[in-house]
Amino acid sequence: MTNNSEIDVNALVDDHSDYLLSFAMSKLKDLDLAKDLVQDTLVSAITKLETFEKRSKLRTWLTSILNRKIIDHWRKAETRYTDPVSSFFQQEGKPGHWLDSKGKNKTLETIEDQISREETNMELADCLGKLPDKWKGVVASKYLEEKDSEEICKDFEITSSNLWVIIHRAKLVLRDCLQNKWEL
Amino acid sequence: MGAVRKCEQITLLYEKANFLALSDEDNAELKMHMDKCTKCNGYIEDSKKLDLWLKERFAEVDASANFTAEEKQKLKESLNTTL
Numbered sequence: 001m002t003n004n005s006e007i008d009v010n011a012l013v014d015d016h017s018d019y020l021l022s023f024a025m026s027k028l029k030d031l032d033l034a035k036d037l038v039q040d041t042l043v044s045a046i047t048k049l050e051t052f053e054k055r056s057k058l059r060t061w062l063t064s065i066l067n068r069k070i071i072d073h074w075r076k077a078e079t080r081y082t083d084p085v086s087s088f089f090q091q092e093g094k095p096g097h098w099l100d101s102k103g104k105n106k107t108l109e110t111i112e113d114q115i116s117r118e119e120t121n122m123e124l125a126d127c128l129g130k131l132p133d134k135w136k137g138v139v140a141s142k143y144l145e146e147k148d149s150e151e152i153c154k155d156f157e158i159t160s161s162n163l164w165v166i167i168h169r170a171k172l173v174l175r176d177c178l179q180n181k182w183e184l
Numbered sequence: 001m002g003a004v005r006k007c008e009q010i011t012l013l014y015e016k017a018n019f020l021a022l023s024d025e026d027n028a029e030l031k032m033h034m035d036k037c038t039k040c041n042g043y044i045e046d047s048k049k050l051d052l053w054l055k056e057r058f059a060e061v062d063a064s065a066n067f068t069a070e071e072k073q074k075l076k077e078s079l080n081t082t083l
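Top to bottom, those sequences are chains A and V. First residue of the first sequence: 1, per this note's numbering; consecutive thereafter. First residue of the second sequence: 1, per this note's numbering; consecutive thereafter.
Hints are computed from structural coordinates only; laboratory data are not their basis. In this text, a Cβ means the ideal position worked out from N, Cα and C, and glycines have one as well. Careful, some of the hints might be misleading.
[Stated by the list, open to error] Stretch by stretch, here's where chain V covers chain A in the computed footprint (C-beta under 8 Å, at least three residues):
1. 14-23
2. 30-36
3. 43-57
4. 123-135
5. 144-155
6. 166-176
If we strip away everything but chain V, and leave its shape as in the complex, we get (with noise of 0.2 Å):
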């Protein structure tokens, strides 16, 4: 379970990364630790896909998010009588 552990230190180390540099300390353990990890090494290839397909996700506008007639009358009604 130590490595497990490990690799989950250092891809939340990776993460950390995302947000602010690291302490040299940090630095030199998950570049120490990403030169020999497989695992690693796919969780930050593919959170970096996931970073774009987020990204890309919640670029879309939806252009059909729109009330329809009907429920623009119940909101009227309904603010009328808040008033």
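In isolation and in its complexed conformation, chain A is listed as follows (with noise of 0.2 Å):
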């Protein structure tokens, strides 16, 4: 395939279209979102085909388009997050442990706490959709690609500040939405 008028479409998606997904998955955790992202992307590959040179595998070439859309929008997202951001320095009086009940480091897991840890991860799922957008890319790009602060603040066109301070606000606002989960 060197350029459009070579290019199996049809193969294209058979081939490509279900990894791409699964990867978008699991950075977006938004199934409609990935879904629009590998479209835009296997547009993007089709109208630049020329430039994608043979020295990488087509797939690997389709991933890094995605990957560049997926930090394209996580960078345009709005970062206002009007909320107050946590009443977790408010509470007087409190020692500050809110997790303790949940999630406990076990060496024997039994099957409540398989339940447990797949009712945490669902909750965790939920409250991690409440971010801002930006703020979800910060902490993909921070838990599941392990990227160090220097990319992150690179891809996302931010100080170290501004992600020290993402991440702890984040991790308020993932920590107050939990706890109102379990307080239900």
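Got two chains here, each in a separate frame; can you build the complex from them with the hints?
So this is what it looks like as structure tokens:
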């Protein structure tokens, strides 16, 4: 495949779309958005195929385009968070623990532990959905890709101070969200 | 409000320390505060739990994330229109 006239669109979709969707989902955890970005990726790929150098595999090239689109989506997203960030520091007299009853590390996992972990995972996924998109992107870059701070700051065009504040605030929001769920 | 502000700054310093080495001055301030503040110790314990859960959460691959046959057909039609 060296130019547009030689593209086998059917093969492109059949061979790569599901892989790209899984990749996008691992970062975004949002199926509709992931599908949209995969479609955008394939459109970009067929319109820019002449820039594809066969030094890498087609799938690697497609994944790099998708990755760029995901970062662009997060970077352009609104970051303003208008709700009070957290009541954590305002709670006089409370010791500060909020996750004591959940997620204790255990060497032997019982069925109850496993159910509890799955519940926690679902609740965490729901709480992650409440973060502003840009924060989600920063969190995904840190915990999924384990990028260092320099790379994350470059991708998201933020300063290192912004990065620590985002991680700190994101954890406080997640903490409040989980605590609210467990108090219900 | 002074103590509240201090705890926010200290826990922020803790997050910063996860990315890079703190200065001696910051390190000393963090240690001194942690020796006496149960609230910030609670933050750190729970922050570590969140680190673990977030890593697990993002490590999960959603194998069910596939395009349906119908979606793939639409995708092909859309891409063919673009060509």
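Verification of the supplied hints:
With 5 residues bearing a CB less than 8 Å from a CB of chain V, the region 14-23 of chain A meets the requirement of three and the coverage assertion stands. With a threshold of 8 Å between beta carbons, the proposed coverage of the region 30-36 of chain A by chain V holds, since 3 of its residues qualify and at least three are required. Residues of the region 43-57 of chain A with a Cβ under 8 Å from some Cβ of chain V number 3, which satisfies the need for three, so the listed coverage holds. Proximity of the region 123-135 of chain A to chain V, defined as three or more residues with a beta carbon under 8 Å from a beta carbon of that chain, is established by the 3 residues found.
Coverage of the region 144-155 of chain A by chain V holds. Counting CB-CB distances below 8 Å, 3 residues qualify, and the rule asks for three or more. Coverage of the region 166-176 of chain A by chain V holds. Counting CB-CB distances below 8 Å, 5 residues qualify, and the rule asks for three or more.
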